[in-house]
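Q: Sequence:
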Amino acid sequence: GGGGGGGGGGGGGGSCSGGGCGPKNAPPGMMGYPPVPAGADMMNMMGMAALGGEPGLNQMQMMSLQHTVMKLTLVAPNKQELRKMLQGMLSQERVAEAHVMVGMMRMVGLPVDVVMYNLLMTAYKKRRQWQLVLQVMQQMQASSVMPDIVSYNILIDACGKAQQLQRAFAYYDEMVRNGLQPGVNTYTSLIDACGKTQQLKRAYELLDQMQREGVQPNAHTFTTIINACTQAQDLDLGLQVLEQMISCGAAQEVGQSTVTPYTTLIRACGKAFAVDKAFVVLRCMLDVGLKPNTVTFNCLIDACAKAHELDKAFHVLRLMYHYSNPPDTVTYSALIDACLRSQELGKAFELLNQMQHEHLSPSSSMYTALLEASVKDESIPRIFEVLHMMGGAGVRPSNATFTAIVHACGRAAQLDRAFDTLAYMKCVHVRPNSNVYASLIEVCVEGQDLSRAIVALQEMTQAGEAVEAAVFNSLISLCGNTGQAEYALQIFDYMRKVQVLPNSMTFRALISVTIKCGETVHAERVLREMACAGWEPELPLIESLLATCIARHEGAAALLAVIDRLQLHVLSNSVRQHALLPTLIECCASQGEFALATELLRKAAVEGRSLSREATAQLLTNLSSQETTSASALVSSKEDEQALVQVLQEQLVPPPSDAA
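Each residue of the sequence shown is one higher than the last, beginning at 1 in the UniProt record's numbering.
Wrong hints could be hidden among the right ones.
What the hints assert, rightly or not - Listed next, the in silico DSSO-like pairs over lysine-lysine satisfying Cα-Cα at most 27 Å (straight line): (1) K271 / K291; (2) K271 / K376; (3) K306 / K271; (4) K277 / K306; (5) K161 / K196; (6) K126 / K79; (7) K126 / K71; (8) K312 / K291.
The hints are simulated quantities; they were obtained by calculation from the structure and are not laboratory data.
All chains should be built: construct the whole structure from the sequences, respecting the hints.
A: Listed below in structure tokens is the structure:
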């Protein structure tokens, strides 16, 4: 490069004494080019050419650009050649380099025109960098290059897309002041800017204004304002604009060239559940002789689906065939969705078969929708039909879907199918998670199938899946329903083996099972374990145990020993103060075991633990209100009951010292 301030030139062989001469041996007409700046001058020029907001260039890039511009000064390129070179850089996304090079070319006197600036502004507009678009415009004006209508259109569009509506209209006014006539692209950009800022009224006023000024809107203009109407959910105005477009199209054939505005409006009608208005739009298309395409029909079917208008959706399908638009995958997806929304599962499967007959591949979302609908309908054959098709297409349902399938099989009382689901998961290499196994165990419990439930539990733990205490609780409860206390105890032991902590529900379930099966010894043991684990047994559990002991015809001594053990090892101090003797006696009386109750009272008195006066009085009250339902008790136990009442009354008589 040439040296500053009279330094010798290198590279191109140029030589200057004051920085105002051209390169040595330059071709005719090139002697007037100033030298390419170097050093500090280059950095100053960089500050003018590369504008704020765009990343700076490194030294290698700067040297390469400097060398390129220096070579250009030697070959005297014309504007077309410079434009082509600039377009090549911009096509490679080298926007910052192109910007710097434009500045360099301008400073050395190469012909930089408005087209080059417009190319650079367009590149920044595509990057959504409206500030840089503005700065290029200012740089162009500073270099005495007059912006043209394209320049202003680019700037207005960039500001509009950035929702800088005030700036967009300011540059529109500047454009008019400079004597440039706004065109259709100018107004379309302003309408788009109004739409993006939710100023629909202003956008519609612009549509009227441009036509008053003799600027005819094109299809893109109408599409833009219709988009604004749909975004603002103003379908009535959208239809009004559509009618205006058709009216304009009678003279200008606007609206007969593209289906986009119609399709846009139909899609918006679908979102607003306005299916009748969607058909009005379709009629407008047909009236102007415009043939709807597949996308338009698909949007209309989707609108019917959202409005639960299944018959109308199938009418659109017939129209597609009539206008030689065969349905595609999206069409069938929308139709199947319409069937499912209308709870017409059979028709949805007919469409699926028709789709396959036409060699169209269903999407994964279609399979999922059909599978979920079949699960909801508890249609087990259809569930497995869809699973088979999904397997063939390489689509794998999620664990959540498989869990729902297992539950559906359980509700349909098809336990075999629930286990088939587990087998299918393994076949398609989907690892069942804890929810799947827990659901499988749950349906086994509901089906009273203990052996299969245990098999599922063992497989679950072997697979390393976490088991919740609730799973064990349900299995223990099932053992109670089937009268298998031994299995319940084994499940409890297995629970601790796999390090799952029992909760209060676990202990309650196990105690209930053992009591129900008459295993009072095991029930006492579990009660002790429950207390050791920090859980407080409820009094109804204790009463149930005592009632079972009484039913087993255990003697008074054995019963007193039971309550002693319970009060010592199981009950907390607060419950212990309640004392179990009144509870035991009341249990005896409720079962008609009055003789046993009397014996317990006398034995307790001998042992020095008579009932309190309050407990005695309460027992007498309960006995007087108790109805004996047993016929045998009415005869054989009457004397025993009277004897019990007499003993209780004797205990209510105060001692002589108290009477005195």
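Q: Quick check: which numbered hints come out false for this structure?
A: 7
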